[in-house]
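Produce the complete structure using the sequences and hints provided.
There are 2 protein chains.
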Amino acid sequence: MPELRKDPVVKRWVIIATERAKRPNDFKSAQKKKEENKFCVFCYGNEHLTPPEILAFRPEDTKPNESGWWVRVVDNKFPALNYKEDVKRAGHGMYDMMSGFGKHEVIIETPNHDENLATIPYKQIKEVVWAYVMRYRELSKDPNLKYILIFKNYKREAGASLSHPHSQIIATPIVPKRVEEELHGSKQYYDYKERCVFCDIIQQEKMEKTRIVEENDDFISFVPYAARFPYEIWILPKRHTSNFGEITDEEVDSFSKILKDTGAKLINVLGDPPFNYVIHSSPVGNPNLPHYHWHLEIMPRLTKTAGFEWGSGFYINPVPPEAAAASLNGEPESK
Amino acid sequence: MPELRKDPVVKRWVIIATERAKRPNDFKSAQKKKEENKFCVFCYGNEHLTPPEILAFRPEDTKPNESGWWVRVVDNKFPALNYKEDVKRAGHGMYDMMSGFGKHEVIIETPNHDENLATIPYKQIKEVVWAYVMRYRELSKDPNLKYILIFKNYKREAGASLSHPHSQIIATPIVPKRVEEELHGSKQYYDYKERCVFCDIIQQEKMEKTRIVEENDDFISFVPYAARFPYEIWILPKRHTSNFGEITDEEVDSFSKILKDTGAKLINVLGDPPFNYVIHSSPVGNPNLPHYHWHLEIMPRLTKTAGFEWGSGFYINPVPPEAAAASLNGEPESK
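For the protein sequence lines, the chains are A and B, in the order given. Numbered per the numbering used here, the first sequence finishes at 329, counting up by one with no gaps. Numbered per the numbering used here, the second sequence finishes at 329, counting up by one with no gaps.
Incorrect hints may appear among the rest.
Any copy, or any two copies together, can satisfy a pair, since identical chains are not distinguished.
[As the list claims (entries may be wrong)] Once the Cα atoms are required to be at most 27 Å apart in a straight line, the calculated BS3-like pairs of lysine-lysine come out as: (1) 32 x 200; (2) 140 x 82; (3) 232 x 149; (4) 171 x 0; (5) 57 x 149; (6) 171 x 71; (7) 22 x 32; (8) 5 x 120; (9) 0 x 181; (10) 171 x 32; (11) 78 x 251; (12) 78 x 5.
Just so you know, these hints were derived from the structure itself, not from any lab.
Encoded structure:
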């Protein structure tokens, strides 16, 4: 029987449509074909074809914008927002507009064109996470940037236009609507319960144990109770922190580890599916909130979002979260 | 230069990314290939393969669930929600759930398997709209249904699983989040201005004239100022009504006409693109609102929604709304 479940943070209802239930094999992606030696601007030797590097991890005896690096951050060549603009607001009849001020960067995660979360070494993910952290901390200093969004689009079906492993950062002059919703929902919960809703979610998941995917000293990953998408997974730090920029050195280690282990399970069960992941953190000017808790959301792109979802903000998920967690953990599927 | 624009109803900011600007030809879809005579459950002769009809327009000398009909409404064979369920709410630890009560119907728009909005006769669209109206009015009588969503997914890329022309109705036991947002935003505007925000939008569009696509006595269609998607189009009735169910007979005529004319322009410029459209109406129990205004939103599926959009609720639209309207109207593109 279908079931409606409510996300405790943003109060979004989701339909768990068991009558449309699907098994992992229904979603299995074709393994990524090894690409022919196609020309790629993110590969060694083509550093001059990207905007100049903002940050790179490279041997001391190499020069900026030369080969040798293992992680490289550059401005997006076709930025959605422009750092040279002034921050201006204006009316247009009854409408409102702002100049397109902001920052749009690309993190090239490895020199190896064909790496994915299953094959990339844990050590290399740690370097990528350090690049996230360093850019996040640096951009946090600009008082005109109100929000910093770090995300990854993996594969064309998930919106990636280049296949070389990369993540992106977009820093915006306003706090985005979806983030405001999370802040608002978690504040309402806090006002009522005097506890962080995400801390409570961790406790509930540890008690129930039916949706957990991975756990280590500092982090837990699980399929959320009201998952919008099949095999959606959230990774939360166990320590209450609202600001991703305040991650500790030890936490960078264990965050990289759980991201790798969780990603590997996803790829193992679904065969290298397209996905997006996004780091949700508190707004820049308001980093330490008792009611908010930074986290990462992984959204595999296995179903199409259609008219019903766009019109209602309601999602239909054909895979019950408990069944998704069970197959990620290699447990036999119950019908 | 990129520009940020704010939707005046839900206050969603959109990035109009002119540096990523695209011309209509970049989006042009391949013309729908005439399908081989593939078996289709919505075609004549297969009426026994769908659930029994709820409503059909057919000659008097034909029997229900036989051929001869020109519009046919049946229950969805794989419903997202189930009408046999009781409406039950329950807690699950810290979480909340409800039984999956609701109604999920399919409107088969024509017996002709290969029709689209460019080829379908206006007279036939009118019949489809009448089916929408009749089902809407009928479902409105059930006090357990709080919201009725009528929508169309056109082509596989837009979430359609069958290619025979059809629309869907999902009636839910709660008012969906996205609708609540629209109601809330338009209420705030009304409280401040004492006018309906949608009525003001119509006035602004008629004054500016740069985003209008079609207009007739009762309706106007235009690319919204803060369009999320390239070639997004809204159709609004000029008369203030919040409830789709209260459309008049004359308005059914002119609504069908503007839907056909707008759709034909879209297909003409973009070559039969995948799209979703959704009718936004007031909730069932609260149909007559001074601040809300029913309308239809058409969302062509030309770009991929990726990590940034999912994480922020912010959209990046590479086609300025004025440029989209100009090409829909066959005007030369300005750079």
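A quick look at each hint next to the structure:
| no. | hint | result |
| --- | --- | --- |
| 1 | 32 x 200 | neither (46 Å within a copy, 50 Å between copies) |
| 2 | 140 x 82 | within (14 Å within a copy, 42 Å between copies) |
| 3 | 232 x 149 | neither (30 Å within a copy, 44 Å between copies) |
| 4 | 171 x 0 | both (19 Å within a copy, 11 Å between copies) |
| 5 | 57 x 149 | neither (31 Å within a copy, 51 Å between copies) |
| 6 | 171 x 71 | within (26 Å within a copy, 36 Å between copies) |
| 7 | 22 x 32 | both (26 Å within a copy, 26 Å between copies) |
| 8 | 5 x 120 | neither (34 Å within a copy, 38 Å between copies) |
| 9 | 0 x 181 | both (17 Å within a copy, 24 Å between copies) |
| 10 | 171 x 32 | neither (39 Å within a copy, 45 Å between copies) |
| 11 | 78 x 251 | neither (37 Å within a copy, 46 Å between copies) |
| 12 | 78 x 5 | between (38 Å within a copy, 25 Å between copies) |
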